[in-house]
Amino acid sequence: MVGARRPLIEVRRLHRYFGPTKAVYDMSFEVYAGEVFGYIGPNGAGKTTSMRILSTLDEPTYGDAFVDGFSVVDDPDRVRRRLGFMPDYFGTYQNMNVAEYLDFFARAYGLRSYQRRAAIDYAMEFTLLETLADKPINGLSKGMKQRLSLGRTMIHDPAVLILDEPAAGLDPRARIELREMIGRLADHNKTVLVSSHILTELAEMCHRVGIIEQGRLLAVGTVQEISSRTHTRSEVRLRVLSDPAVLINYLQARSDVSSVALRAGQVMLTHDGGPEEQATLLRELIEAGFPVVEFGSKTKSLEDVFMHVTEGRVQ
Amino acid sequence: MTTVPPTTITETGAERAEAAPTRWADAWQWLERRLVALTERANPILVKETRQALKSRQFLVTFIIVLIGCWVVSFVGVAVVGPQIYYAASGPGLLIFYYAILALPLALIVPYTAFRSLAAEQEEQTYDLLSITTLGSRQIVTGKLLSATVQMLVYLCAVSPCIAFTFLLRGVDALTTAMMLAMAVLGSLMLCMMALLIGAVARAKHTQIVTSVALVLGLFGAFVGAISLGTAILTGGSVVFREPEFWVIAFGLMMVYVTTFGLLRAAAAAQIAFVSENRSTPLRRWMMAQQACFAGWVGGVLYAFSVYESLGGGPLSDVIIAGGAMASFYWYAMGAMLTGEWPHLSRRVQRSLPQSTLARALLSLMNPGPGSGYLFAVANLTTLVLAGLAALWLLDAAAGTWTPIETAACFLVLAWSYVVGFLGFGRLLINLIRRWAYVPMAAAFLLHVILLLTAIGVPTVVQMMSREYRNAGYTLLQLTNPVWTLAELWDRGMAAVEGEILILATPALAVIALLLNMRSVSTELLHHRIPVPIRVAEDEAALHPAPEARPTSPWELDDDANGTV
Numbered sequence: 001m002v003g004a005r006r007p008l009i010e011v012r013r014l015h016r017y018f019g020p021t022k023a024v025y026d027m028s029f030e031v032y033a034g035e036v037f038g039y040i041g042p043n044g045a046g047k048t049t050s051m052r053i054l055s056t057l058d059e060p061t062y063g064d065a066f067v068d069g070f071s072v073v074d075d076p077d078r079v080r081r082r083l084g085f086m087p088d089y090f091g092t093y094q095n096m097n098v099a100e101y102l103d104f105f106a107r108a109y110g111l112r113s114y115q116r117r118a119a120i121d122y123a124m125e126f127t128l129l130e131t132l133a134d135k136p137i138n139g140l141s142k143g144m145k146q147r148l149s150l151g152r153t154m155i156h157d158p159a160v161l162i163l164d165e166p167a168a169g170l171d172p173r174a175r176i177e178l179r180e181m182i183g184r185l186a187d188h189n190k191t192v193l194v195s196s197h198i199l200t201e202l203a204e205m206c207h208r209v210g211i212i213e214q215g216r217l218l219a220v221g222t223v224q225e226i227s228s229r230t231h232t233r234s235e236v237r238l239r240v241l242s243d244p245a246v247l248i249n250y251l252q253a254r255s256d257v258s259s260v261a262l263r264a265g266q267v268m269l270t271h272d273g274g275p276e277e278q279a280t281l282l283r284e285l286i287e288a289g290f291p292v293v294e295f296g297s298k299t300k301s302l303e304d305v306f307m308h309v310t311e312g313r314v315q
Numbered sequence: 001m002t003t004v005p006p007t008t009i010t011e012t013g014a015e016r017a018e019a020a021p022t023r024w025a026d027a028w029q030w031l032e033r034r035l036v037a038l039t040e041r042a043n044p045i046l047v048k049e050t051r052q053a054l055k056s057r058q059f060l061v062t063f064i065i066v067l068i069g070c071w072v073v074s075f076v077g078v079a080v081v082g083p084q085i086y087y088a089a090s091g092p093g094l095l096i097f098y099y100a101i102l103a104l105p106l107a108l109i110v111p112y113t114a115f116r117s118l119a120a121e122q123e124e125q126t127y128d129l130l131s132i133t134t135l136g137s138r139q140i141v142t143g144k145l146l147s148a149t150v151q152m153l154v155y156l157c158a159v160s161p162c163i164a165f166t167f168l169l170r171g172v173d174a175l176t177t178a179m180m181l182a183m184a185v186l187g188s189l190m191l192c193m194m195a196l197l198i199g200a201v202a203r204a205k206h207t208q209i210v211t212s213v214a215l216v217l218g219l220f221g222a223f224v225g226a227i228s229l230g231t232a233i234l235t236g237g238s239v240v241f242r243e244p245e246f247w248v249i250a251f252g253l254m255m256v257y258v259t260t261f262g263l264l265r266a267a268a269a270a271q272i273a274f275v276s277e278n279r280s281t282p283l284r285r286w287m288m289a290q291q292a293c294f295a296g297w298v299g300g301v302l303y304a305f306s307v308y309e310s311l312g313g314g315p316l317s318d319v320i321i322a323g324g325a326m327a328s329f330y331w332y333a334m335g336a337m338l339t340g341e342w343p344h345l346s347r348r349v350q351r352s353l354p355q356s357t358l359a360r361a362l363l364s365l366m367n368p369g370p371g372s373g374y375l376f377a378v379a380n381l382t383t384l385v386l387a388g389l390a391a392l393w394l395l396d397a398a399a400g401t402w403t404p405i406e407t408a409a410c411f412l413v414l415a416w417s418y419v420v421g422f423l424g425f426g427r428l429l430i431n432l433i434r435r436w437a438y439v440p441m442a443a444a445f446l447l448h449v450i451l452l453l454t455a456i457g458v459p460t461v462v463q464m465m466s467r468e469y470r471n472a473g474y475t476l477l478q479l480t481n482p483v484w485t486l487a488e489l490w491d492r493g494m495a496a497v498e499g500e501i502l503i504l505a506t507p508a509l510a511v512i513a514l515l516l517n518m519r520s521v522s523t524e525l526l527h528h529r530i531p532v533p534i535r536v537a538e539d540e541a542a543l544h545p546a547p548e549a550r551p552t553s554p555w556e557l558d559d560d561a562n563g564t565v
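Residue numbers (the numbering used here), protein chains in the order written: chain E, 1 to 315; chain D, 1 to 565.
The hints are simulated quantities; they were obtained by calculation from the structure and are not laboratory data. Careful, some of the hints might be misleading.
If we take Cβ atoms under 10 Å as the criterion, some of the chain E residues that face chain D in the derived model are [said to hold, decoys possible]: (1) E30; (2) Y32; (3) S55; (4) Q94; (5) M96; (6) Y109.
Far from chain D, some chain E residues (derived; all Cβ distances over 10 Å) [what the hints assert, rightly or not]: (7) E59; (8) V73; (9) D74; (10) D77; (11) R81; (12) D103; (13) R112; (14) S113; (15) T131; (16) V240; (17) D243; (18) V246; (19) Q252; (20) S258; (21) A261; (22) P275.
Backbone N, C-alpha and C fix where the C-beta goes; we use that ideal spot for every residue, glycine too.
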């Protein structure tokens, strides 16, 4: 649920160059309190670079980003108190168990005494790691490590969480668990910026998404918003009681229909237009005397939107 | 006479029996609470690395090797000494071996572990996780250093019974032993600090490999050096602890140690600090501290020479020349790094610039930036040179100086000119290259070194290749060669180097270099403090709320009570 309209993450004209490569180019967007924001893009699109800048691990070449109103360049210490970053790798310390790992990071975030113990208990309970407290972290599975990494990220109760490919390499069960955990974080009014390649999962958990390619932010909004903005063509399925060949002839004569085919007794057509234009088409079909018994358009998935918005170019 | 019923006595005894463990338990709980409170305040990296070290195989193996080494030396040593152990002074012989065993972890293993602990953070990809916590760069370096210190102390504890045993064997006094151990620990701490600095500088994998090999070689040299020094102390007769000179020299060395340690720590912290932080000013503070100590000690030595006739009263000007040479080398090296700083001041740094006119006048040289860095080095060296010239003027009447006063003065002026000139022209070169390419500090330092080597090498090669000048000794062709010029000046006096020409030409070139830099330097020095953003001010107020205004008079108290205020 989107909470108060206060941007907890604000990216303003962010640029990051590595020599001639424009890893991030003129990127601007905002993420509000309690919102889960999906960050989508092909490999090398600039997702990790921009996430690292937001996490105060890198500096922008130009522009700035703000977390809870604090510049990531000028006030990294204040940003770090409010932000938890889960990178796409798990940094392993030798000779350390789960509880000691969390204890170290709790201490590093300045938590003392009972506060620290409570934070560790909560993180372990939240990430279902209670039974693994004494297990060496080197012996953890990928899924357990991701849960531990999430526990580390939230140990100091940050308002903003940045998760870089949290579901990468996880089995289906671990993915579902992780997705549930992110959902619970949003329920706790945390702002989550999450990147993933598994678009179906992002579509389920994110309030809004940003699509990035070649360092540029191509589109921002809900899947429906982006779809309606960028995806004017839609697949429409029709069934009539009369002869479909007549309908096909009628449709082929229309300028707003680009292709028509008959499949298993249904007429499949590509229609140029959004929902309003589809309603007009249905009305005109009925007025033309076609006995329409079925009219449906395929809902655009995040994958469809992503494929439409991006061009598959890599720098 | 009063008799005490036996039951009462029994009850009292029982109470005492119960009370004693209670007191002990209370004391134990009190101690435990204190220890817990101490660990709560301990550096998180110290806690983590101590936990890791206690479980690590490397620590266990080294500890066992140290113990076995001590046992073997004890048994073999006692067997070799034989019956003489009851009357001969056999302590020093055994102490050398124990010292060598202790030097192995202290000079070699612990510093290398410190280096690896920082390098491993990069390799294991934990450094990012660490750097986004609220731990500052200084806390990270200090934590690594403290964990090395804990390991050091554990090894020291393991060897200490054996060292105490050598005291019982006679021939070694407690003060000498304590001094040797202090040297070992302080030396190890310095090596750890250097190793941490190298670990912080060498971030890339290939650099880490090269520096790792160089570090191991260096540490091995330190290990051999520690054993040699220990042997020299033990075999070279007793240390003259009663002589005041010993304590003066020890105090002087400690000042050098402390300031160098502080400088290295600040440098290591600066290397891992976030780019927008002020990484230069702490370094400059330590440089100034070193400069103050240096000036103080040179002054002290001069005073000692001038007061105590037994010291000869002669080499006053030579002390000043030696001091001037050291100061010039120091400020050239530091200036070469300072002029390589990035010229852009972050907004974070600009928020903390000095604000008042007086503070701006006094402290602007401490601001980060290559221009202020150049002026900082020049100003410090100028202060020292002026102090040296003043000392020469004051000591003019001193009898029997080995080097003429005017030669010493000429040396100081020339040394100053070379430093100012080379740093100035080097900085102009860096500025020129920065128009087209990114020049990091290491590259800037390298450019300075190349410029200096060119200025030394080219005239030397030209003169060596010339039939006319090959055997002519020093000529004015070597004007740009500070090493030959200054050495010749000190050795053979002003006439040998055509001092009248040098004293005009070299400072003139230095002043030209200084003036050419002044435009960009003044741009840097004219930076003003910028206001703190409102959000930051709000956060600061929330973190550190201002104390509530207390009533300053009884009338205000009354007003408060009446609710009128």
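Quick one: which hint numbers does this structure break? Sort them smallest to largest.
1, 2, 7, 8, 9, 10, 11, 12, 13 and 14
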